[in-house]
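The listed protein sequences correspond, in order, to chains A and B.
Just so you know, numbering that gives the first Met the number 0 puts 173 at position 174 of the first sequence, and the rest follows in order with no gaps.
Just so you know, numbering that gives the first Met the number 0 puts 222 at position 223 of the second sequence, and the rest follows in order with no gaps.
Do not take every clue at face value.
For chains that are exact copies, the list does not tell them apart, and a pair is met inside one copy or across any two.
With a Cα cut of at most 20 Å, we get these calculated SDA-like pairs of lysine to any residue [to be verified]:
no. : residue 1 : residue 2
1   : K212      : I233
2   : K59       : D197
3   : K318      : P52
4   : K59       : N140
5   : K212      : R249
6   : K212      : E229
7   : K214      : Q305
8   : K308      : Q221
9   : K98       : R156
10  : K272      : E137
11  : K214      : I233
12  : K214      : D231
13  : K212      : D231
14  : K100      : Q319
15  : K100      : Y158
Please keep in mind that the hints were generated in silico from the structure rather than gathered at the bench.
Number of protein chains: 2
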Amino acid sequence: MKLLVRIFVGLATAHFASEVMVQAADPLPSWRDNAPKQAIIAFVEKVTREDSPDYIPLPKRIATFDNDGCLWSEQPVYFQLMFAIDRIKQLAPQHPEWKIKQPFKSVIEGDKGTLAKIGKEGLAKLIMATHAGMTTDEFSNTVKGWLLTARHPRFKRPYYELVYQPMLELLAYLRANGFKTYLVSGGGIEMLRVFAEDVYGIPPEQVIGSSIKTKFELRDGQPAIVRLPEIDFIDDKEGKPVAINKFIGRRPIASFGNSDGDLQMLQWTAAGKGPSFCLIVHHTDAEREWAYDHDSYIGKLDEGLQEAKQQGWTVVDMKQDWKVVYPFEVSD
Amino acid sequence: MKLLVRIFVGLATAHFASEVMVQAADPLPSWRDNAPKQAIIAFVEKVTREDSPDYIPLPKRIATFDNDGCLWSEQPVYFQLMFAIDRIKQLAPQHPEWKIKQPFKSVIEGDKGTLAKIGKEGLAKLIMATHAGMTTDEFSNTVKGWLLTARHPRFKRPYYELVYQPMLELLAYLRANGFKTYLVSGGGIEMLRVFAEDVYGIPPEQVIGSSIKTKFELRDGQPAIVRLPEIDFIDDKEGKPVAINKFIGRRPIASFGNSDGDLQMLQWTAAGKGPSFCLIVHHTDAEREWAYDHDSYIGKLDEGLQEAKQQGWTVVDMKQDWKVVYPFEVSD
Numbered sequence: 000m001k002l003l004v005r006i007f008v009g010l011a012t013a014h015f016a017s018e019v020m021v022q023a024a025d026p027l028p029s030w031r032d033n034a035p036k037q038a039i040i041a042f043v044e045k046v047t048r049e050d051s052p053d054y055i056p057l058p059k060r061i062a063t064f065d066n067d068g069c070l071w072s073e074q075p076v077y078f079q080l081m082f083a084i085d086r087i088k089q090l091a092p093q094h095p096e097w098k099i100k101q102p103f104k105s106v107i108e109g110d111k112g113t114l115a116k117i118g119k120e121g122l123a124k125l126i127m128a129t130h131a132g133m134t135t136d137e138f139s140n141t142v143k144g145w146l147l148t149a150r151h152p153r154f155k156r157p158y159y160e161l162v163y164q165p166m167l168e169l170l171a172y173l174r175a176n177g178f179k180t181y182l183v184s185g186g187g188i189e190m191l192r193v194f195a196e197d198v199y200g201i202p203p204e205q206v207i208g209s210s211i212k213t214k215f216e217l218r219d220g221q222p223a224i225v226r227l228p229e230i231d232f233i234d235d236k237e238g239k240p241v242a243i244n245k246f247i248g249r250r251p252i253a254s255f256g257n258s259d260g261d262l263q264m265l266q267w268t269a270a271g272k273g274p275s276f277c278l279i280v281h282h283t284d285a286e287r288e289w290a291y292d293h294d295s296y297i298g299k300l301d302e303g304l305q306e307a308k309q310q311g312w313t314v315v316d317m318k319q320d321w322k323v324v325y326p327f328e329v330s331d
Numbered sequence: 000m001k002l003l004v005r006i007f008v009g010l011a012t013a014h015f016a017s018e019v020m021v022q023a024a025d026p027l028p029s030w031r032d033n034a035p036k037q038a039i040i041a042f043v044e045k046v047t048r049e050d051s052p053d054y055i056p057l058p059k060r061i062a063t064f065d066n067d068g069c070l071w072s073e074q075p076v077y078f079q080l081m082f083a084i085d086r087i088k089q090l091a092p093q094h095p096e097w098k099i100k101q102p103f104k105s106v107i108e109g110d111k112g113t114l115a116k117i118g119k120e121g122l123a124k125l126i127m128a129t130h131a132g133m134t135t136d137e138f139s140n141t142v143k144g145w146l147l148t149a150r151h152p153r154f155k156r157p158y159y160e161l162v163y164q165p166m167l168e169l170l171a172y173l174r175a176n177g178f179k180t181y182l183v184s185g186g187g188i189e190m191l192r193v194f195a196e197d198v199y200g201i202p203p204e205q206v207i208g209s210s211i212k213t214k215f216e217l218r219d220g221q222p223a224i225v226r227l228p229e230i231d232f233i234d235d236k237e238g239k240p241v242a243i244n245k246f247i248g249r250r251p252i253a254s255f256g257n258s259d260g261d262l263q264m265l266q267w268t269a270a271g272k273g274p275s276f277c278l279i280v281h282h283t284d285a286e287r288e289w290a291y292d293h294d295s296y297i298g299k300l301d302e303g304l305q306e307a308k309q310q311g312w313t314v315v316d317m318k319q320d321w322k323v324v325y326p327f328e329v330s331d
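So that you can see chain A by itself, here it is in the shape it has in the complex:
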């Protein structure tokens, strides 16, 4: 972890410094003074002021965040798929059979047309070939190595730099007000845990995600946890409230998402007895980030947007409501 910590240090320092310093002045400096920012601050003040009728005691201040498209970007494809693709290429010399076997053939040849049509089954094959068959420690080390070397195709930067500055401020603001912040992602739990603490300030025990099965065994007398090529849980849609109930055992009072995959998490949050806050990040900024919603293959947002309007949830218009998208826009 030390190497990763060093690399992340610029990002992390800015981030944690803001956690301490910024609160006195404007807690959300990268947010324009529009409705979403006002709604966030009004909610936090309402549930944390001890004389408020909506006061919520500390242990119940649980906030859950989706990751892909909510805390970091998810285009042109989920970053975890980019990891799988890079890893397949790296492992290819040890797997000569992949040259004639799909979906590996398309990955190795960079055949994006065929790759776009591999479907869920093909995707599962890529994931299992790259995420299973090693110990948990080995997998973490592979992910760390990838994060340090891989570059995003559009921005030519490490993937962990494509996080949203306004959301980092929001995480810090909530924590400064006694909230416990959780990741609840469709992404792989063990991949998320490699960077969530350094990048988001979210410790491993507050990371929830999709998982494959694992097995405890003694290898030469040494205990190891081995990753098996079998899906354990998909933390998406109906899976999100199920996982929140399993891992946290309390209902969140605030939830943040960006796609229809987050809808059930927001519904579960909104249906709590006391005050609650639901927010959807709407990707409207093709220039600084990407613009997509109801017809997108990745991060489809259709039902969620309709329900947000009906229920009065907060919708962030990325282009209008955020002064800054990525930290590097201000720090470079």
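With the hints as your guide, set chain B onto chain A.
This is chain B only, laid out in the frame that chain A set:
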């Protein structure tokens, strides 16, 4: 929860008061000054003194505790089975078919001989009939009601009073030294969460246990999580390190158990790179509690005791090492 909180308040007050007050003097007043107490204190001082070569930073101070037989008693049968039996009797009028169907017939008739031989399949039937088919909220309320009314057959007291005073002090002592304390139990996660916070000071998000599957659905437009009659995960033996890895994502530095079901959790803890502490509670006190180990049907301790000797883990001789077993011995 409020009713339960009121009922638990005597216990909880004593417990949390000790958390604050007792640290200055003796942090473990119910422990005799024998080897286990000395080993606990030596370990905690070693990993928390900033000038110690074995210093461990706060986020890594994870301690995991088994529940049955480690924090509360487990005789004459696991308390969760007592809940299932009481619940079957309560539900029997709505299930006339149970009168002629095993294992329900034996439960209703109080036929302990047959009940003792129901095996895993019979047990699973009892669990599913009493733990599934309702929402999570309904199940929690049922458990609360049972905890408030049920009495242990030997002590004629609520089950939650059969917790070990020395272990409550140990939990408080570890937390006062920056440890995050977790339950890692073979018992049902949603049952444990009903009382773990009030009785042990362990919040729901730090409770890990066995689980059945659940499903998110809209009931009359209202989101609900429904408990299904299907095993999700058994948090015992090899399952314990697997669950620790899944829920916490960090390796504990201290683990506490009492049976062979805890062995793999202790092995996983002991195999960490830095300093670690493993402790086994040995039930040796037939007078104040129970005495059992290698040939017990419940809480069998055989392999674990052997490995403890080989590895130099701490073994608590309940009769010799604990001045007090239950809180009511001193508070009544």
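Name the hints, by number, that the structure is in violation of.
3, 7, 9, 14 and 15
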